[in-house]
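Engineer: Required output: the full structure, derived from the provided sequences and hints.
Heads up: the protein sequence lines correspond to chains A and B, in order.
Take any residue in the first sequence, count from 1 to its spot, add 54: that is its number in this note's numbering.
Take any residue in the second sequence, count from 1 to its spot, add 950: that is its number in this note's numbering.
The set of hints was computed from the structure by calculation and includes no laboratory data.
Treat the numbers as computed from the prediction; the structure is a model and nothing was measured.
Careful, some of the hints might be misleading.
[Claimed, not checked] Output of the computed footprint for chain A on chain B, the stretches with three or more beta carbons under 8 Å from beta carbons of chain A:
| hint | stretch |
| --- | --- |
| 1 | 1058-1066 |
| 2 | 1074-1081 |
| 3 | 1142-1156 |
[Claimed, not checked] Derived CB-CB ranges, DEER-like:
| hint | chain 1 | residue 1 | chain 2 | residue 2 | range |
| --- | --- | --- | --- | --- | --- |
| 4 | A | W169 | B | G1139 | 41 to 49 Å |
| 5 | A | N395 | B | T1028 | 34 to 42 Å |
| 6 | A | A300 | B | D1089 | 35 to 43 Å |
| 7 | B | D1027 | A | Q168 | 47 to 55 Å |
Note that the Cβ used here is the ideal one computed from N, Cα and C, for glycine as well.
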Amino acid sequence: MTRPGGEDFSVSQGDTSNEVVLRGALTIRTVTQAKAAFDGFNPETLARINLSSVTRLDTAGAWAIVRLQNRFSEAQKPLELTGTTDKVASLLHTVAQTMPSPEKAPQSPFSFAQWLDGIGQKVFAGAMFLRALTGYLGIFLHRIGRAVRHPSEFRFTSLVHHCDEVGFKAVPIVALMAFLIGVVLAFQGSTQLRQFGAEVFVVDLIAISVLRELGILLTSIIVAGRTASAFTAAIGSMKMREEIDAMRTLGLDPAMILFVPRILALLVMLPILGLIANVAGLFGGGLMAWIDLGISPAMFMTRLVEGTSVDHVFVGLVKAPVFALIIGVVGCHAGMQVESNAESLGRMTSNAVVTAIFAVIVADAVFSIFFARIGI
Amino acid sequence: MTEREVIIRLRGIRNQFGSQVVHEDLDLDVYRGEILGVVGGSGTGKSVLLRTIAGLQKPAAGSVDVLGTDVLTADEDTRQALENRWGVMFQDGALFSSLTVRENVEVPMRAIEGLDPEIRSELADLKISMVGLQYLAGDKYPSELSGGMRKRAGLARALALDPDIVFLDEPTAGLDPIGASAFDQLIRGLSHSLGLTVFLVTHDLDTLHATCDRIAVLAERKVLVTGSMKDMLKVEHPWVHEYFHGPRARAAASEGSAEPGEKGN
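Structural biologist: Given below as structure tokens:
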């Protein structure tokens, strides 16, 4: 057997002028060379090909020969093959039988109307997505109402489990993140404010930005990344394995069992996490102010209580339930969109995180404008 | 029977996962050009055996000889050359989901030096057509295909380099009876026209009847018996007897005898 890579193929003149002899291995390794040689053959001057010296022929070689034969047939000059063994003939026959006939998929040319249509479809899909999210919010509220009327249907154990998952287990990461944000704010703020001799205002800077915006916003972003993806993955894998359908056939309501405990857990835990983030952020800022600017903890406390209205805490935490609803609804909705293949699970999980973070930031912007308008 | 070339030779194979021994002292010969069907109850390690031969699972003991090369001790280059001479079709095709069917079939061909990309793409089209798929299926992604089409596309990829041996893992599982018998015929036809040796793992009695030249039964951690369908009917072992004499086996057998031309070609 010839070693792969060391195969030779050559074409030589036969006994008569209208015959060529192929020699060596005509395989996928030599087919590029063979095709180039075959393309040079002229139907007018060639009538026979002798294959008796071909040592190996595979489907790639057979393809090149059949292709050549077809070209000759089109020119009304059939090509005769000589020296074929039974095996070679059977291979050539099989390849000739299954020779693909290229067909083009119908493709309409690019047009302005098409482009417009594409944009329209995207806008429509976006609107439908918002509608679907609103629908899920409606389902959640309806099931909450139902749970109030029929408390026995409510899964309290599940709620506790999810509170532990989304809330308690997120405390370390949220606290550390907020602490570091406080440190960064104090450090950056002090560098800038020192130029005006207004170092002491760093307390106001930290307090307002952490309490009002950063504490809850960054907590929500972390929770969106952690929890929205977990919701989508959990619900999505159940959807993928038809567990959701099984629930329905058993008379169980997936919304009541899967959505309500998850979204409710977020609704309960996110304000608490936000509060923890606020405390950790102030602690980090205070520590850095003490180290870097020499503002003692007592002075920090005094300045904090005197200079910062408690409104800021209220403005920050009032956003938490809204963010919780957004994260929970987006996560559950994405989970229910998973189809029966694994790729869609991965795609929907990353979609859920991106959508949840984006929606949280948009909602935060809306809140900012709202509070600025009413003057809090 | 005249002496035939042994293309796969297994000797004393032992496979175990933890303390659970799947194969013990297992011997098996596969001859060139035949279609060997491997059957066995669930958990007897049919797929493990296939994976062992294809080099995906290293046995705890024993030797695996494929095309005269010891798979277990061969160096990297020899193994590479050997891998080009066999193709594996996994249960659900195992197509790369980010590539179209044509690109999937082209993947093994990319290893060939100096192969013109245009020719490569046309050869992929030929393989796609050989396994009975439409030309336009080549542009589709695996997720857009039905289960039967994915299996066919998986077979096309396994055949990309004209291997001497193809391993098929449950080729007809999950197909409807029409699709399954079409696939049986496809395997038989390709094996005949391309001179393939086929090692197939199956549960499907119809496939055994319609395609296999020889059957190997896995039981009690080894290859219990090998032989033709007729030989199998005479085996006394309770599991083998149950398998080939059960109600499903009788149905498949009566169907098989109604179409005697099927086995003759």
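Engineer: Please count how many residues of the stretch 1074-1081 of chain B have a CB within 8 Å of a CB from chain A and say whether that reaches 3.
Structural biologist: holds (count 6)
Engineer: Just tell me: holds or violated, for the beta carbon distance of A300 of chain A and D1089 of chain B against 35 to 43 Å?
Structural biologist: Holds: the Cβ-Cβ distance is about 36 Å, inside 35 to 43 Å.
Engineer: Range hint 41 to 49 Å: satisfied by the CB atoms of W169 of chain A and G1139 of chain B?
Structural biologist: Check passed, 48 Å falls within 41 to 49 Å.
Engineer: For the stretch 1142-1156 of chain B, does the count of residues with a C-beta closer than 8 Å to a C-beta of chain A reach 3?
Structural biologist: With 4 residues closer than 8 Å to chain A, the stretch 1142-1156 of chain B meets the three-residue bar; holds.
Engineer: Just to be sure I understand the hint, the distance between the Cβ atoms of D1027 of chain B and Q168 of chain A should be within 47 to 55 Å; is that true here?
Structural biologist: holds, 52 Å
Engineer: Taking the Cβ atom of N395 of chain A and the Cβ atom of T1028 of chain B, is their distance within the range 34 to 42 Å?
Structural biologist: Holds: the Cβ-Cβ distance is about 38 Å, inside 34 to 42 Å.
Engineer: Confirm or reject the coverage of the stretch 1058-1066 of chain B by chain A under the rule of 3 or more residues with a beta carbon closer than 8 Å to the chain's beta carbons.
Structural biologist: With 6 residues closer than 8 Å to chain A, the stretch 1058-1066 of chain B meets the three-residue bar; holds.
Consistency with the previously given hints is maintained throughout, with no hint failing.
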